[in-house]
Amino acid sequence: MEVSGPLLTEAAKIYKVLSNVNRIKILIFLEHHEADVTQIIEHVHLAQPLVSHQLAILFQYQLVSKTKRGKHVYYCLDDPHILEMVDAMIGHVAHEIKHEPHHD
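For the sequence shown, the UniProt record's numbering begins at 1 and goes up steadily by one.
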């Protein structure tokens, strides 16, 4: 597969976004939940300013979407494929920790 420079640059930006454990926690939570900031805070056990900052980054890179209803803004996973990448990396790390081969 041949991939252009701009596409690789954008892919690297997404991997950088995914390099933060708090963002990964938020994405995993949002896989099955639409939630406002308060609900996300309760689940990931982080301070409100930190959660809001992480959500802004995830929104900027189109990994989450948001909907305003009344006074609340609800967030949900915008691209389920992102969690496939996260799951693949977690699987890779699990093999590394156990010193197992990566092939079946």
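No lab work stands behind these hints: they were computed from the structure.
Treat the numbers as computed from the prediction; the structure is a model and nothing was measured.
Some clues are possibly wrong.
Pairs of lysine to any residue residues, derived as SDA-like cross-links and limited to a Cα-Cα distance of at most 20 Å, are as follows [stated by the list, open to error]: (1) Lys68 <-> His33; (2) Lys16 <-> Asp78; (3) Lys16 <-> His33; (4) Lys16 <-> Met85; (5) Lys66 <-> Ile97; (6) Lys13 <-> Ile57; (7) Lys25 <-> Lys66; (8) Lys25 <-> Pro101; (9) Lys68 <-> Asp87; (10) Lys71 <-> Glu42; (11) Lys16 <-> Lys68; (12) Lys13 <-> Gln48; (13) Lys13 <-> His33; (14) Lys66 <-> Lys98; (15) Lys66 <-> Asp87; (16) Lys71 <-> His33; (17) Lys16 <-> Gln62; (18) Lys98 <-> Asp87; (19) Lys71 <-> Lys16; (20) Lys66 <-> Val93.
Outcome of the hint check:
1. Lys68 <-> His33: With Cα atoms ~15 Å apart, Lys68 and His33 stay inside 20 Å; holds.
2. Lys16 <-> Asp78: Roughly 18 Å separates the two Cα atoms, so the pair holds.
3. Lys16 <-> His33: Not OK: Lys16 and His33 at ~24 Å, beyond 20 Å, violated.
4. Lys16 <-> Met85: holds (13 Å)
5. Lys66 <-> Ile97: violated (36 Å)
6. Lys13 <-> Ile57: holds (11 Å)
7. Lys25 <-> Lys66: holds (17 Å)
8. Lys25 <-> Pro101: violated (27 Å)
9. Lys68 <-> Asp87: violated (29 Å)
10. Lys71 <-> Glu42: Holds, at about 19 Å.
11. Lys16 <-> Lys68: Roughly 28 Å separates the two Cα atoms, so the pair is violated.
12. Lys13 <-> Gln48: At roughly 25 Å apart (the allowed maximum being 20 Å), Gln48 and Lys13 break the hint.
13. Lys13 <-> His33: Violated, at about 25 Å.
14. Lys66 <-> Lys98: Violated, at roughly 39 Å.
15. Lys66 <-> Asp87: violated (23 Å)
16. Lys71 <-> His33: holds (19 Å)
17. Lys16 <-> Gln62: holds (14 Å)
18. Lys98 <-> Asp87: holds (17 Å)
19. Lys71 <-> Lys16: Distance ~32 Å between Lys71 and Lys16 Cα, so the pair is violated.
20. Lys66 <-> Val93: violated (31 Å)
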